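S.K.: Following the hints, position chains B and C against chain A.
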Amino acid sequence: MALKALDIYKLLPKKNCKECGDPTCLTFAMKLAGGKADVEFCPYLSDEAKSLLGATTRPPIRLVKIGVGERSFGVGEEFVFYRHEKTFYHPPGIIFRLKDAQTAEEIIAVTKRVRDESLIRVGMELRFNGIAIENESGTPERFADAVAAIERTADLPLVLISKNPDALRAALVHCGTYRPLLHAATRANAKEMCALAKQHGCPLAIRSNGLDELAQLAKDCCAEGLQDLVLDLAPVTLGDFVTATTVIRQLAITRTAPELGYPIYLDATLTDQEDAAIALGIVKYASVIVLSPLSQASSKAALTLRQNVYTDPQKPIQMNPGLYRIGSPGKDAPVLLTVNFSLTFFTLEGYLESTRVPSFMLIVDTEGLSVLTAVAAGKLNETLVRDAIKKFDVENEVSHRKLIIPGYASPLSGRIEEATGWKVQVGPRDAADIGEYLHEEWK
Amino acid sequence: MPTVTFLPSYRKIDVERGCTILDAAQRAGLNVNVICGGQGKCGKCVMFVQAGKTSFDLQKYFRFFNEDEIRRGACLACVTSVDGDIQVTIPESSLIQEQKILITREDLPIEFRPSVRKFYVQLQPPSLADPSPDLSRLLWGIQKSGGPVAEKMYAPLEVLREIPGILRHSDWKVTGTIALVPGGYRLIDLQENDTAMRLYGAAVDLGSTTIVVYLWDLVTGKVVGIASNYNKQISCGEDILARVNFARKNGLAKLQALAVESINTALTSAADNAGIDREDIYEVVIAGNTVMTHMLLGIDPAYMIAEPYVPVVRRALSVAASRIGIACNQNCGLFAFPAVSDFIGGDIIADILACGMAEREEISLMIDIGTNFEVVLGNREWMFSCAGAAGPALEGGEVLFGMRANPGAIEKVTIDPTTLAPAYTTINSAKPRGITGSGLIDLLAEMLVAGIIDRTGRINTGIENDRVRKGDHFPEFVVVWERETAIGKDIVITENDIKNLIMSKASVHAACVTLMKEAGVTRHEIATIYFAGAFGNYLDKKNATIIGIIPEIGIDHVRNIGNGAVAGANMALINRSKRKTLDEIAYKIAYIELNAEPSFMEEYTSSAFLPHTDLTLFPAVQEELEATRNHGKE
Amino acid sequence: MTYDVNFGWTGTIGNVLLGATKADGGSREVSYRIGGGTTLPFLEKPVGVKSPLIAFEICDNPVYWSPIIRNYCGDLLDDLSGWTKAADKQYGVDLIRLYLTSTKQRNFSEMAAVGRAVETVLSSTGLPLVIEGSNEPRIDSEVFQKCGETGQGERLLLGTAEASRYRSIAAAALAYDHSVIAQSPIDINLAKQLNILLREIGVRHDHIVIDPYTGTLGYGFEYSYSAMERIRYSALKGDVDLAMPMICSAIDALTVKEVREADPVIQDEMAVTWEFYTGLAAAVAGAEILCVRHPKTIPMLRAALEGMQAGAGRAGTAGGQ
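Protein sequences appear in the order of chains A, B and C.
Per my numbering, the very first residue in the first sequence carries number 573; after that it's consecutive.
Per my numbering, the very first residue in the second sequence carries number 50; after that it's consecutive.
Per my numbering, the very first residue in the third sequence carries number 46; after that it's consecutive.
Some hints here could point you the wrong way.
Simulated pairs of lysine-lysine, DSS-like, Cα-Cα distance not exceeding 30 Å [what the hints assert, rightly or not]: (1) B:K519 - A:K974; (2) B:K548 - C:K149; (3) A:K587 - B:K109; (4) A:K951 - B:K93; (5) A:K951 - C:K302; (6) A:K603 - B:K629; (7) B:K93 - A:K995; (8) B:K519 - C:K149; (9) A:K735 - A:K791; (10) B:K548 - A:K974; (11) A:K770 - A:K735; (12) B:K548 - A:K887; (13) C:K302 - A:K974; (14) A:K587 - B:K629; (15) A:K962 - B:K93; (16) B:K637 - A:K995; (17) B:K566 - A:K576; (18) A:K658 - C:K282; (19) B:K566 - A:K603; (20) B:K109 - A:K951.
Facing chain C, a subset of chain A residues (Cβ under 8 Å, in silico) [unchecked claim]: (21) R693; (22) V814; (23) T815; (24) A829; (25) A848; (26) A851; (27) Q868; (28) S870; (29) T876; (30) L877; (31) V881; (32) P885; (33) L915; (34) T919; (35) G922; (36) L944.
Covered by chain A, according to a simulated footprint, are these stretches of chain B (three or more residues, beta-carbon under 8 Å) [said to hold, decoys possible]: (37) 622-628; (38) 636-645.
Rather than coming from a laboratory, the hints here were simulated on the basis of the structure.
Keep in mind the model is a prediction, meaning the values are calculated, not measured.
Where a beta carbon is used, it is the ideal one built from N, C-alpha and C, also for glycine.
So that you can see chain A by itself, here it is in the shape it has in the complex (with noise of 0.2 Å):
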C-alpha cells in the first residue's frame, strides 16, 4: 500500500526549509504521497529514510519496451491490480501472427493492414501494434525472408517465435536493431537465447506453464544480465490463463515475488476461442497479446475494449463544450442540453440521431461529471449554461428559446429560466426515452 502524506511526513525532516521548492515538510509529504515529487528534491533526507520511501515509488512491474520508433511500445510498469484503485497505464500491444510458410504477398497484406489501419474512437486513435512472425517452416532463411518482407514494408514492432536460435539469428540480421521480442526462451534453449536478446540488446519471453519454473526461468535470465523479460504462462486453457495471470499480478503488485514482477504474454491463438482469449487478455493483465488476424467485428471490439480498460477510471473522458449538430437542424430544431461527460455525449448523440429529429446538442463543460453528479456538485447550474448559450451564440442558430435539459437537471430548471430568459423544459433521464419524448414534446 502507498504511504499517507502523514507517514512520510514523519519521516522528513520537518525543518520546513523550502528547499525541495514547496513551502513545507508537511505539503512536500501531500506531494510525495501522490507520486508528483521526488525524494531526491530533499536534500536532508537520510539514506534510510529515502529507501523507505523509494521502495514504494518503484514500478512493481517493469516497463518493456518493443521496437523502435513511432511504433514502439511499453508495456509493464502497473502498479495495481484493480484499476479503479489508480489506473492501469500501459494497454497491451495487440500483434497479429503470421507464419513464414506463408506466401509473402499474405505476409505483405497483413503487415500492411497493421501499418494502415486505425480505428477512431472518443478523439482516440485505436491501432493495432506489431507483427509476429513464426518460423513454422523450421528453416532459418525461410524465417529471415519473411522477416525481411515485413521490415521492407513497414516500421513495426515484432516478435519472433522460434525454438531455434539459428533460425532467431538469421532473422536478427533483418531487424536486430529494431528491439524485436523473441520467442521464446524455455529451459532448455535459455543460455543460448539470452546470449542472443544481450548480444541484439531485445527483450525476451520466457516460457513455461509452471509459475516455479518460470520464476526460475526468470531469476536464470537476470543472472545473465537480461532484465528486458516478459512471461509466457503457455496456458492450454481459458481457465488456465486467468488464474496464472491473477496470481503472478497480485504476486508482483504486493511484490511478494519479484522475480515475477514482468509483463505477460498471451498467445490467443492457442486456443480455439481466440475472441475470449483476447478479451480475458485484455482485462485480466496481458501486456503482449498475439492472435490471428481479426475479423472487423473483432477488431473494434478488441480496441475498444482495450480503450476502456486502459481509460483511468477517476479521469472520465471528457468532450470539448460547445454547440453539436445531429443531422442538418433547422432555426426551428431542438436544442438540447448534457453535460461533457463523454459517456453522456455518445449515448444521447446515439439516440437523437436514431430519432432522426434533426437536433442541437448543447454541450456544457461539467469537468467530465454525469449529469446526476454534476448537478449534485453544483459543476452545472445556471451560469454555465447562460454562459454557453452565450459562448455558443446559440441566440442566433435558432428562432425559438426553449432548451430541454436532462431529467436528472429538473431541479435547476427554475434557476436555469431565470439566468437565461429561455423556457426550460424538463428532458427525460434516461437518454434511450429522448425519441418517444421528442415526438411527444416536441412541437
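M.R.: Structure of chains B and C alone, referenced to chain A:
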C-alpha cells in the same frame, strides 16, 4: 439635486440625477435586501414608486412583478434611476430584518498580557545640570515606571513633534502609551496627566454577515462591552462572490467603506454601552476571512476568486487603524489575522486558536459551517484543512420554508413516533414562520427515526397520515398546520428540501473524511470535534451525528466553541504572545483542494445517505435506529 | 517453492435461488443457486452452484425491440410462446428474461394482459424466469403485483428496483416470495445504499441480485466493469450489504453506433461480438447472470465460460484463503 423620500419611514436624502434608488436607500441608511449585488437579477429589492420621475425598463424586469404590482409602481431599486424628486415605498420584505445574532461569553482562561500598555510618569524638568533631550527623559521615565528598556523604545515622527509641547504644558506629568510592534516598542501616544486607567482594545469578528465586537479594558483585563450588527456590505451582495463581483465594478471603495462603517457602528455601540470614549481604544484585532480582510484593507480581492486563486497577502498584518478609517484613537494599531489560503482565512485561524487544537498532542477536528464550510484536522505538529460549499440549506436557504434565525423560526423539533406530530420551539417563542438550520437538522433526524423518510431522504408516501402528502411538486411533510403559523399557510418540508440538506451534510462529512484519509486518521483517533460558528451553537449534537454531518465519535467529545473567530480575536488581543504563534499556525496548515481530490466525489456519494453508506462508521446511530425500528414492529 | 496468493478475503457472496421446481412448490424443471463465491471469479468452482448463467431477453411487445433481432428471428417475435420455446430448446439458454414492454404504451392499464404474458412464458418453458416490470411509477404497483401474483411459487427474479422506486416491487416480492433486481447507476455506494433500503423494508439479502448497470462496450463499460470489480471486492472483504450475485445486461449493445450502423453483411456478427465481449468481461468482473438478446451470442458465451471453468480451481495456488 433631486430628493428621494422613503416611505413609510419618511427618510429623505438628496442625490444626484441618475443615481439608483438602491444607492439612495443605502445612503439613507436603509438596509436593503440585495442578493445579486445590484445586478437586477435576484428581484429582492422591489420598491414602489408613489410619485415622481424615474427611469426603469419594465419590459426587461416584468417577470419579477404581477399586474397588480406593476399598477402600484413596482420597480427594482437597483436598476431604477432617479430623474427628479420622488417618493418611494419600501415593503418590509425588501429590507433586511434584524436577526438573532450569536453572542457568547466564553470564559477565557488566558494569561493577560496585552501588547499595549500605558505609563503615567512625573518627570524632572530639564536643567543645565541635566540637559538630556525630552525623548530620553520621557523614555527613561517610562522605563523606571516599569516599562520596557528605554533603548528599545522609539517614537514616530508625529509623536515626536507633540512631545515638547505636551511635556511642558502638563508640567511634566504625562501618560505614554507603548505598543509592542515587530521592531520593538513604539510610543504611540502621549497625553497630559494621568490617563493610565483609560486603555481599551477591541476584538472584532469581521464576518460576511455579521460583525461582532468585544471591547476590553486592557488595564483590568475585563470585557466592558459587546456589540454586534449586520455587515453593511450585504447590501452589495449577499454572498462573498457577489461582493467580489461588486468590487470588480469599481465597488471596492464602497465595500471598504461599508466594512469600516459596520465595524465603527459596532465599536460605537459597544463603547457607548460601556460609557467609554472611542479615543481610548488603542488596539483593534480583527479576524475575518481572507476576502473580508482584503476588502477591509482596501486590497483588491478579485484574483482570489478565479484560478489560480491567489490572495494578495497571507501573513498577519499590522497597520494604523486610522489609515482605513476605524474610529478610535488616531494612533490605534490594527492587527489582522493571517490566512492559509483564499478559503481558509483569519477567522479559521482564530477558531483554531480558540479551541486550542494547535497546542495539543491529541488530534482534533474543527468544523466551521456557514454557507461555506471549513474543516481543519490536526494537532500541534501538523494540520490539514479544506473548504467547500455546503450550500445554503444548513442555514435555511434553498429550503421552501427555511429561514435564518429570526423571530418565529423553528429551532428545535421532535416528532412523536406514533402520531408523527412534531413538537417545536421557535426563536422568541413567536408563532412559527419557517425553520432554521438547526430545526431542519432536528427534523431530518426525527423523520429518519420515525421512518417518515428512508436513508436517502425519500418520504414514504405510503404512510397513512395527514401530515404525509404528495405535494404539488414533491412529496412533503407538514411540520406546522396553517392555523398555528404566523404566515397563513402550512409549513412543510419537501423531499427536495431534504435532498438539499443531505447534499449539504454530505459535503461537510465528505470533507472531514477526505482530510482524515489524507492524514491516515480514523474516527477513533479523533479526541474532539469542535463546531465553530453560529450554526454549531444551536445545533443538536446528537441529531447532527444521527444524520451524519460529522463522524461518530460520541457526543461527549463534540464541543461547540460558538463564535470562534471572536474568541480567537479576544485571545490575540489580550495576550500578545498568542499573536506571535498565529503566523506559525497558518504556515503549518496544509490546504487540500477538494475539487482536485479524485476521492472527494466518492466520499460525497457515500456520505449522501443517512447517516452514511458505511454503517460501521456510525455504530451507535445504527444501533439506535435498529432499536427504534424493531420497537416499532413489536 | 510453490507460490501462494493470499487475498485475505473474509466474505462470501450470498446465495440466491432462481426458480422453484416441483419439490419447492413451483413448476420449473430446473432451478439455480447462484452466488457462493469466496474469491475472485473463475479462481474456484463453488459446489452446487451453476454460474455464470446466460439469460435470453424477450419482450411482450416487440415494437420496442431491436430491428437486428427482428431480422434474425423474424415472426418469432410476435409469438411470445414460440419465442420462449426457441430460447429454451433451440438457443439453449439457462434463463428467460421477459421485458413487459407493452407497459411502455401511453396510459397503459391492461393489467390482465400483463398476467397473460407472464403466464404464456411460464407455460412455454421450464426454465426459471426474470420478469422486467413497468418503467412507469404510476402503474408500478399494479404491474408488479400482477407479475408477483401470476408467478406465485415460481421464485421469479423481479426487476427492477431503483433507489427512487423500490417500495412497490419489494411489496410484490415479499408478498409472493420472489427475488428482486436492485439497480443503481454504476456506483458501488449507490448499489450498497439500495441494498440497505431494501433490507430495511424486509427484503432479505438472499432475495437480491445486484444490477450495477452495464454500460455496453465502448459506452460506459469501463465504469461498469470497475463497479462490478469493486462490488465483488467489497463483498469478499466482508461487506454483507454488497455480498449478492450480480446481473449484467448491456441493453444498449444492439443500439450503439458500431452495431446500428454496421454493414448489413456483418451486422449480426457485430451485434454478437459486442454482446460477447461485454458479457465475458463482465463475467470476469463478477457478473453471474449474463443477459443477451442475440441468439448467436449464446453458444459463443457458453463455450468461453466452459473454457474458463476448465482451469478454475485447478492451479491450486489461487485459492481464497
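S.K.: For each hint, tell me whether it holds in the structure or not.
M.R.: Hints and how they fare:
| no. | hint | result |
| --- | --- | --- |
| 1 | B:K519 - A:K974 | holds, 29 Å |
| 2 | B:K548 - C:K149 | holds, 29 Å |
| 3 | A:K587 - B:K109 | violated, 61 Å |
| 4 | A:K951 - B:K93 | holds, 25 Å |
| 5 | A:K951 - C:K302 | holds, 29 Å |
| 6 | A:K603 - B:K629 | holds, 29 Å |
| 7 | B:K93 - A:K995 | holds, 22 Å |
| 8 | B:K519 - C:K149 | holds, 24 Å |
| 9 | A:K735 - A:K791 | holds, 20 Å |
| 10 | B:K548 - A:K974 | holds, 27 Å |
| 11 | A:K770 - A:K735 | holds, 17 Å |
| 12 | B:K548 - A:K887 | holds, 27 Å |
| 13 | C:K302 - A:K974 | holds, 28 Å |
| 14 | A:K587 - B:K629 | holds, 19 Å |
| 15 | A:K962 - B:K93 | holds, 25 Å |
| 16 | B:K637 - A:K995 | violated, 51 Å |
| 17 | B:K566 - A:K576 | holds, 8 Å |
| 18 | A:K658 - C:K282 | holds, 19 Å |
| 19 | B:K566 - A:K603 | holds, 15 Å |
| 20 | B:K109 - A:K951 | holds, 28 Å |
| 21 | R693 | holds, 7 Å |
| 22 | V814 | holds, 5 Å |
| 23 | T815 | holds, 4 Å |
| 24 | A829 | holds, 6 Å |
| 25 | A848 | holds, 4 Å |
| 26 | A851 | holds, 5 Å |
| 27 | Q868 | holds, 6 Å |
| 28 | S870 | holds, 6 Å |
| 29 | T876 | holds, 4 Å |
| 30 | L877 | holds, 5 Å |
| 31 | V881 | holds, 7 Å |
| 32 | P885 | holds, 5 Å |
| 33 | L915 | holds, 5 Å |
| 34 | T919 | holds, 6 Å |
| 35 | G922 | holds, 5 Å |
| 36 | L944 | holds, 7 Å |
| 37 | 622-628 | violated (count 0) |
| 38 | 636-645 | holds (count 4) |
Violation of the numbered hints given earlier is confined to hints 3, 16, 37; the remaining hints are satisfied by the structure.
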